Amino acid sequence: MKYNRSYFLLSILLSLIGLITAGCQHTISQSLRQQAKPIIAFKALRADPDTFKGRTVILGGDILKTQNTQQKTSIEILQKPLDRFEAPLITDQTAGRFIAQCDQYLDPAIYDQGRQITVAGKVLGSYAGQVGEADYLYPLISCAEMHLWPRLSHETAYPVYPHPWLLHRYHPWYLFPYDYYDWPYYRYRRYR
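Taking this note's numbering, I'd label the letters of the sequence shown as residues 1 to 192.
Everything labelled a hint here was simulated from the structure, so no lab data went into it. It is possible that some hints are incorrect.
Unchecked claim - Below, simulated SDA-like cross-link-like pairs (lysine to any residue); rule was C-alpha separation at most 25 Å, straight line: (1) Lys53 with Thr27; (2) Lys65 with Tyr105; (3) Lys43 with Met146; (4) Lys122 with Leu32; (5) Lys65 with Arg115; (6) Lys72 with Ile110; (7) Lys65 with Asp135; (8) Lys53 with Ala36; (9) Lys72 with Thr91; (10) Lys72 with Asp103; (11) Lys65 with Asp50; (12) Lys65 with Glu145; (13) Lys72 with Gln130; (14) Lys72 with Thr27; (15) Lys37 with Asp83; (16) Lys122 with Arg97; (17) Lys43 with Phe85; (18) Lys122 with Cys143; (19) Lys37 with Thr27; (20) Lys65 with Pro150; (21) Lys65 with Gln104; (22) Lys122 with Gln30; (23) Lys65 with Thr27; (24) Lys37 with Leu16; (25) Lys65 with Thr94; (26) Lys43 with Ser126; (27) Lys65 with Lys37; (28) Lys37 with Leu78; (29) Lys72 with Gly125; (30) Lys122 with Thr56.
Since we're looking at a predicted model, the values are computed, not measured.
With the sequences and hints as input, model every part of the structure.
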């Protein structure tokens, strides 16, 4: 009986280790991450894209526009800093825009404005376009690999911090859920 119990505990332990390590995987393959070293700062890439032509980069941000032609799809992306797993951060901090050119059809209903994306590929050069009426030089990136992130809901935007009443917003004066008693513990959610 003890023999079966130890196998049961070992299988649970191995399953937990597998789940934990599976949740910590990078979205871009190891080979492309190695090719992207040394990391090119986006400000330098944006200033002179033709200098870095042929170099592999990993960039991400918010999709602004998706356009399809007969041969390819162009995705205009507002660059955002990436975390250690190549996910774009939820921030207003940006160094500009870039265009990812993919050799496949990508549906604009799926790759729509506001979605977050991470793209890995080679720098193809630059594209002279416009933002409003201002001229803009976009870095062009190929789509060797990309990852479209799930839509953000208000639950994933900010965590709820531990509250001294232990029931988050439900304290003796729960009729006033957004008063000053909650201020440092409950961060208001941002809807997208």
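Comparing the hints with the structure gives:
1. Lys53 with Thr27: Cα-Cα ~24 Å, so holds.
2. Lys65 with Tyr105: holds, 14 Å
3. Lys43 with Met146: holds, 21 Å
4. Lys122 with Leu32: Between Lys122 and Leu32 the Cα gap is close to 10 Å, so the pair holds against 25 Å.
5. Lys65 with Arg115: The given pair, whose Cα atoms are some 10 Å apart, holds under the 25 Å limit.
6. Lys72 with Ile110: Roughly 16 Å separates the two Cα atoms, so the pair holds.
7. Lys65 with Asp135: Distance ~17 Å between Lys65 and Asp135 Cα, so the pair holds.
8. Lys53 with Ala36: Status holds; Cα separation ~13 Å.
9. Lys72 with Thr91: At roughly 30 Å apart (the allowed maximum being 25 Å), Thr91 and Lys72 break the hint.
10. Lys72 with Asp103: Distance ~5 Å between Lys72 and Asp103 Cα, so the pair holds.
11. Lys65 with Asp50: holds, 23 Å
12. Lys65 with Glu145: It holds: about 19 Å lies between the C-alpha atoms, which stays within 25 Å.
13. Lys72 with Gln130: holds, 20 Å
14. Lys72 with Thr27: holds, 23 Å
15. Lys37 with Asp83: holds, 16 Å
16. Lys122 with Arg97: Holds, because 16 Å separates the two Cα atoms, which is no more than 25 Å.
17. Lys43 with Phe85: holds, 21 Å
18. Lys122 with Cys143: At roughly 8 Å apart (the allowed maximum being 25 Å), Cys143 and Lys122 satisfy the hint.
19. Lys37 with Thr27: Status holds; Cα separation ~16 Å.
20. Lys65 with Pro150: holds, 17 Å
21. Lys65 with Gln104: Roughly 16 Å separates the two Cα atoms, so the pair holds.
22. Lys122 with Gln30: Holds, at about 15 Å.
23. Lys65 with Thr27: holds, 22 Å
24. Lys37 with Leu16: With a Cα-Cα distance of about 32 Å, the restraint between Lys37 and Leu16 is violated, given a limit of 25 Å.
25. Lys65 with Thr94: Roughly 17 Å between the alpha carbons, so the hint for Lys65 and Thr94 holds.
26. Lys43 with Ser126: Holds, because 14 Å separates the two Cα atoms, which is no more than 25 Å.
27. Lys65 with Lys37: violated, 28 Å
28. Lys37 with Leu78: Measuring from Cα to Cα gives roughly 22 Å; hence the hint holds.
29. Lys72 with Gly125: With a Cα-Cα distance of about 16 Å, the restraint between Lys72 and Gly125 holds, given a limit of 25 Å.
30. Lys122 with Thr56: Holds, because 4 Å separates the two Cα atoms, which is no more than 25 Å.
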